[in-house]
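S.K.: Whole structure, please, built from the sequences with the hints as guidance.
Under the UniProt record's numbering, residues 1 to 247 are what the sequence shown spells out, in order.
Hints are computed from structural coordinates only; laboratory data are not their basis.
Hints may be right or wrong, so weigh each one.
As the list claims (entries may be wrong) - Pairs of lysine-lysine residues, derived as PhoX-like cross-links and limited to a Cα-Cα distance of at most 20 Å, are as follows:
no.: 1; residue 1: Lys132; residue 2: Lys180
no.: 2; residue 1: Lys114; residue 2: Lys180
no.: 3; residue 1: Lys133; residue 2: Lys114
no.: 4; residue 1: Lys133; residue 2: Lys180
no.: 5; residue 1: Lys69; residue 2: Lys133
no.: 6; residue 1: Lys114; residue 2: Lys132
no.: 7; residue 1: Lys69; residue 2: Lys114
no.: 8; residue 1: Lys132; residue 2: Lys118
no.: 9; residue 1: Lys180; residue 2: Lys118
no.: 10; residue 1: Lys133; residue 2: Lys118
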Amino acid sequence: MPIADPLSPISMRTATISSAPAPTRSAALLAPGFRFHPTDEELVSYYLRRRVCRRALRVDAIAEVDLYKCEPWELPGLSRLRSRDLEWYFFSPLDRKYSSRSRTNRATAQGYWKTTGKDRAVSRGARVVGMKKTLVYHSGRAPRGTRTNWVMHEYRLDDAELAQSEVPQDSYVVCRVFQKSGAGPQNGAQYGAPFVEEDWEVEEANGLVLMLDVGDDDAIDVHDQNYLEYNDLLQVSSLISCFLKHA
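M.R.: This is the structure:
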């Protein structure tokens, strides 16, 4: 049975590396060896900037969740990606506590996220593009809450970046959530979960949707080898089609 080229015609905006039907919005299972570990700069300059500017993302890997209406242990089930790597990424709206926008409400139904340490600048070259805030989840009510091992890195665009993007306010952040001890990653660690063969006995999971954006790439370095180019997608598609024909 002939296999249609999933990336033809050229103007097609989305493609999925899978022979299964088009994926839904549920969690996609990453193939062995694939990891979603964006750097701080990539999270801010590419993912967050495109989200606040309402531009398409090449990889639809980050779910939008109101993090402050969820408890941290509920978040893994809301992730766009299903992986044994115990860190999860989300876009979240900010809930300002006061009209002056000087403070943010980070209380959940059963606890609250408390800032720890100073905000750190996220830079792209010599230019500051965003800020990174570290928060720790406490169960109970402030100031007598009990500290847990749930940690969140909250990234926001710098004011100058917001002005350049013509966005009136920092209404969205992108967050990395993980557990600092136990089976999860240490703070700031980069790692990969072990391969478990049983996960791949039935390969009917959703594929990861690749958004083929042919617009300008002002937020990324198109010469960076870490970015997936259109020709790379064509080669992958060709290999998959060849494999399916001879399977």
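S.K.: Each of the hints needs a verdict: does it hold here or not?
M.R.: Going through the hints against the structure:
1. Lys132 to Lys180: With Cα atoms ~17 Å apart, Lys132 and Lys180 stay inside 20 Å; holds.
2. Lys114 to Lys180: holds, 15 Å
3. Lys133 to Lys114: With Cα atoms ~10 Å apart, Lys133 and Lys114 stay inside 20 Å; holds.
4. Lys133 to Lys180: holds, 15 Å
5. Lys69 to Lys133: Judged against 20 Å, a Cα distance of about 19 Å means the pair holds.
6. Lys114 to Lys132: Roughly 14 Å between the alpha carbons, so the hint for Lys114 and Lys132 holds.
7. Lys69 to Lys114: It holds: about 15 Å lies between the C-alpha atoms, which stays within 20 Å.
8. Lys132 to Lys118: Holds. Lys132 to Lys118 sits at ~9 Å (cutoff 20 Å).
9. Lys180 to Lys118: holds, 18 Å
10. Lys133 to Lys118: It holds: about 7 Å lies between the C-alpha atoms, which stays within 20 Å.
In terms of the numbered hints stated before, the structure departs from none.
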